[in-house]
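Residue numbers (my numbering), protein chains in the order written: chain S, 1 to 345; chain Z, 1 to 345; chain Y, 1 to 345; chain L, 1 to 345.
Quick caveat, the hints were computed from the structure, so don't treat them as lab data. It is possible that part of the hints are untrue.
Since copy identity is lost for identical chains, a pair holds within one copy or between any two.
With a straight-line Cα cutoff of 27 Å, these simulated DSSO-like cross-link-like pairs (lysine-lysine) come out [as the list claims (entries may be wrong)]: (1) K134 - K8; (2) K312 - K152; (3) K8 - K194; (4) K312 - K134; (5) K8 - K42; (6) K165 - K77; (7) K184 - K4; (8) K134 - K77; (9) K42 - K341; (10) K260 - K42; (11) K339 - K134; (12) K194 - K4; (13) K312 - K165.
4 protein chains.
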Amino acid sequence: MENKISFKNDYSEGAHPRILEVLSETNLQQEPGYGYDRISEKAKTYINSHLANQDTPIYFVSGGTQANVLVISHLLKPYESVIATDTGHIHVHETGAIEYAGHKINTVPHINGKLTVEGIQSVLDLHTDEHMVKPALVYISQTTELGSIYSKEELQSISNLCREKGLKLFIDGARMASALCSEKVSLEIRDIAKYADVFYLGATKNGGLLGEAIVFANPELAEGFSYALKQKGALMAKGRLLGAQFYALFEEQLYFELAKHANRQAMRIAEALQSAGFRFALTPESNQLFPILPYNTINILFEDFEFYVWEKLNEQEAVVRIVCSWATNENDVDLFIRKIKDLSR
Amino acid sequence: MENKISFKNDYSEGAHPRILEVLSETNLQQEPGYGYDRISEKAKTYINSHLANQDTPIYFVSGGTQANVLVISHLLKPYESVIATDTGHIHVHETGAIEYAGHKINTVPHINGKLTVEGIQSVLDLHTDEHMVKPALVYISQTTELGSIYSKEELQSISNLCREKGLKLFIDGARMASALCSEKVSLEIRDIAKYADVFYLGATKNGGLLGEAIVFANPELAEGFSYALKQKGALMAKGRLLGAQFYALFEEQLYFELAKHANRQAMRIAEALQSAGFRFALTPESNQLFPILPYNTINILFEDFEFYVWEKLNEQEAVVRIVCSWATNENDVDLFIRKIKDLSR
Amino acid sequence: MENKISFKNDYSEGAHPRILEVLSETNLQQEPGYGYDRISEKAKTYINSHLANQDTPIYFVSGGTQANVLVISHLLKPYESVIATDTGHIHVHETGAIEYAGHKINTVPHINGKLTVEGIQSVLDLHTDEHMVKPALVYISQTTELGSIYSKEELQSISNLCREKGLKLFIDGARMASALCSEKVSLEIRDIAKYADVFYLGATKNGGLLGEAIVFANPELAEGFSYALKQKGALMAKGRLLGAQFYALFEEQLYFELAKHANRQAMRIAEALQSAGFRFALTPESNQLFPILPYNTINILFEDFEFYVWEKLNEQEAVVRIVCSWATNENDVDLFIRKIKDLSR
Amino acid sequence: MENKISFKNDYSEGAHPRILEVLSETNLQQEPGYGYDRISEKAKTYINSHLANQDTPIYFVSGGTQANVLVISHLLKPYESVIATDTGHIHVHETGAIEYAGHKINTVPHINGKLTVEGIQSVLDLHTDEHMVKPALVYISQTTELGSIYSKEELQSISNLCREKGLKLFIDGARMASALCSEKVSLEIRDIAKYADVFYLGATKNGGLLGEAIVFANPELAEGFSYALKQKGALMAKGRLLGAQFYALFEEQLYFELAKHANRQAMRIAEALQSAGFRFALTPESNQLFPILPYNTINILFEDFEFYVWEKLNEQEAVVRIVCSWATNENDVDLFIRKIKDLSR
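Here chain S stands alone, though its shape is the one from the complex (with noise of 0.2 Å):
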């Protein structure tokens, strides 16, 4: 807002272009309602396109949390809770959306933003009897919500723990785009399908309008999904709406263009942060940084540039969060690399 650039979030802008026109495009063909329209059974085709089973059963619902309750309270019994990291954005940022639904979350301190085996074999060892509620689900977020990425390896690791546990695995995916896009880590929606039982691919946070493509890797778990969306109000009277944005993000490479945009300005900006001479707190792998930075140097970014103070250290230095998106002005990331190497001379 104001004149100021902002690196607060990927979600300050609308939506990529083509989105917009796939919407004007098809605006006035008469579909069915609730999900059935043509535009979306299209999407689920490109989406499909990605994965070892062409048939895997795909959901488009208008955001994260929503994602995440459905999900989540779809795969568990009552009594039955689910492994998180004391990052997760299900414990800390969903005003307990998943305690609404009726269960427990298990949290694990983080290492980087993930949850390891260790972790969830030790909440696992800690659940004996029926005074306590049954572990049956493990979350994770990818990226993480400190900009981390699970690699192939710690994904499988994961996944092999949950399927000799008998634990179901379900990934976050409201920023898996960056994280299939980095250029630190090297993965594929089809890996993703491999270790996860359910999984979804966020288009909110990658150039949609609103979206977040919920796909069961394992199919037999969508049994009456589609009664679960319509009793938790997000099933939409135009499905046509999400379907579009996937549809537009799909039926080429535009969900992954937009993800390496992002993924590259922000490594750009580390870069120019590193050479100045910053440190991290997390090691800078997506389209979020975490840089520690002292706060004068904060101020003085402050007069050209908006992003979040995420965690004071001490009175001289902070942790800030900068996100660049699908959106982000290559011109804006010159400005604060020039500004930074100013400021380091």
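On the provided structure of chain S, position chains Z, Y and L as indicated by the hints.
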């Protein structure tokens, strides 16, 4: 779909072009998320200009079931119930969303799709102690699920009873525009606000891509509602999408013009059916018509048109539902009328 | 209370003395908590001796509403519903406990207090897609809330329909003893176990201080039920208290003897009323009677007795409810009968 | 069980004989159901005599988990949370009952089993907007789950903070009697009522067969609570059973005498252990002791006694839990003390 003309519902098309225009015009503006954007703020101002209290709290959500669950669960204590007709959308067509939120619906047989003061009183008479739920809220739909409209006097009677008995009154306005613009009834938004504690103005069925504007005519009841929105997965990161719908519909008179068009086309069809001697299950008042047609008439109409057979009456006849919308083409209505005339010769 | 004799219900007194005796005899034994005590174990063995499968999982809980909520919420997925009569205890007299647990009750008008296969089928016919709840369970009460009893043939028909349609069958047995010992119907516990998936045997209304024994005739459905008990606050630290009720009732024939006594006294009253020319709203079959009495008769009886006026029929007459119990004194019944005879002279 | 003497918990035996006596004496009285019986009424009067406001609303329920869920869900709006220690019974040992009721528990690391004002403040500091739950209630246990006791000053500090911040204070009193009768702390019921909004007095762990007496020190909060009782399956048809526990415990001083006995026996063991040179994980204050014992000591004690190994500290030592109760036999304590003395020679 196909090449048949659909009178199945009022959400078969996308959005009025002005809405897509607003989305495009504001697309690259950086805006705060979660409903704090300037587009939503402006849209709320526009709606408030129709109200006596211009500081009335307004919240935008994506759809009707979501609005119903959010409001009802916000207004009730766990052991309190909501009174509705047996045709109420919350009772029949929301997959038990209200019960999922923990509340019983006390149903009363409808009279022309409506709830009456006698119906409400009959529920109160039966609920006398702690072995039964405590009725605390009345739910009505305007227009009703059967296309009928509560007159100002009917609303006033219900409202008076509610206030006398300590009940709150909530009006489902998924099709409020059609009621406000009926050729048969005289009503304004400020009348609704006078009688109801909470109501909503639907965009989904009146030219929007999505969106219901929940209006807390009783502002104190809004306390904590933003928490409820987030907890129930209804808070959109890009709230601007919702804001843009109501911005476009209420900056001028579009909201009313679209409903008038829908009503007008419905009335044209109603008049043609009446002239041709057909009866109606309910008197035509809004954009939904429920004529009684012989099956052979239905079958002939089905060659060119689509609509729902609502209820089989006997071997010869059924009630059908015909719906016109903001997007209904006058020429298509002409074709329908001509066909009716041909049939009745 | 006072000095009037109460026929208001079957839970006005404490417990059969044998139960207090068992409590005293075992009082200072140190026992494991939470239902693992030897008294409960033994009581379950006694009940199992009445069943074809003597390893049937059995759980003791404190009351009927608790049993109903525990079982129904254990058997249903969030979007599934339970079918019941409009007189069903879960619908009318449990303060929305089932809805609080998230489930809709699909009600059907009762026929003599009972649900019929036609009634169940009518619900199935109406529920066809994900915009409506999915009926998955049938709830009936034996004896019914109106004192009537499902015959073996009626139970078989309902059970057959349920199995054919993939519905589960749950029988509320708060007054099962009265049905099993009716002079009008021939039924054994193993018949109930043959037709139902889950049912319970009530102690509260048949001589216990508290307690319903939930029997999982379909043992697989018991999985995880001990978690449900704890989560819903139904697991007693001193499970021995519950165990002692069923220990005393089932070590010999006490459970049946008490119900026979209650039924016999009710039949004596029924015969006296019939001889005196009074009609009944429902044919007397169990320990609950619903005769139709003139208000002046009621008022004269009220001088010495207490019972509920159930429903006003007209200015002259009402249906009243007269209940006998395990503790009903034969002499008190003699007094009532004498008064009836006097009145009818 | 077996022939070993159990110090595992305070609910291994039945009830104090006076309770069985009251049950017997009143057994054949005809009484109204659902808590309106004269025995319960009298018991409430007895408890009220310990309170400044002798019209304080009191409700009897069967157990601690039930009491916790009932009160917490009654006091909170859907998006509100409860603050507790990470050792809180509601967090660890109630199978997610609070979450099942829809509420998040904000946990804070315990200090000697207790919550501190700093702990509460730390939760408030983190919860700032509608993306997070709204802390609205503080839950503490007296005695704590680790046998420690909040002093009058500690309770006052917490209470003051709660009132300043608009939080309610709820005290789990499953073992309140032990706190009120501690040899280390001076507290009366009216002190508890002064600081808490709601608390309960447990009978289950102090000589009753079952039962917790929920006291609404803030009487306005009781509004509608009888509906909550029925809806959550906590309302017993024969409320007299609950009433009789508190009648017997509070007609005279039995409630206090039983707790004094339990505390005394625990202190005798504590002193013996201290004399023998053993350390404690927490200072002994109530009927629960947490000494640190070498495994070989534990194994020798296990020949004659039963108690829980609470937490392994290292290969040599563990914290064990030793609990005395109203029914603990002085001679059994003598035996235990002699064995300790023998061991430490």
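Consistency of the hints with the structure:
{"no.": "1", "hint": "K134 - K8", "verdict": "between (38 Å within a copy, 24 Å between copies)"}
{"no.": "2", "hint": "K312 - K152", "verdict": "neither (33 Å within a copy, 36 Å between copies)"}
{"no.": "3", "hint": "K8 - K194", "verdict": "neither (33 Å within a copy, 41 Å between copies)"}
{"no.": "4", "hint": "K312 - K134", "verdict": "between (36 Å within a copy, 23 Å between copies)"}
{"no.": "5", "hint": "K8 - K42", "verdict": "between (33 Å within a copy, 23 Å between copies)"}
{"no.": "6", "hint": "K165 - K77", "verdict": "both (17 Å within a copy, 23 Å between copies)"}
{"no.": "7", "hint": "K184 - K4", "verdict": "neither (30 Å within a copy, 52 Å between copies)"}
{"no.": "8", "hint": "K134 - K77", "verdict": "both (9 Å within a copy, 17 Å between copies)"}
{"no.": "9", "hint": "K42 - K341", "verdict": "neither (47 Å within a copy, 40 Å between copies)"}
{"no.": "10", "hint": "K260 - K42", "verdict": "within (24 Å within a copy, 34 Å between copies)"}
{"no.": "11", "hint": "K339 - K134", "verdict": "neither (52 Å within a copy, 40 Å between copies)"}
{"no.": "12", "hint": "K194 - K4", "verdict": "neither (43 Å within a copy, 43 Å between copies)"}
{"no.": "13", "hint": "K312 - K165", "verdict": "between (39 Å within a copy, 24 Å between copies)"}
Violated hints for the displayed structure, listed by number in ascending order: 2, 3, 7, 9, 11 and 12.
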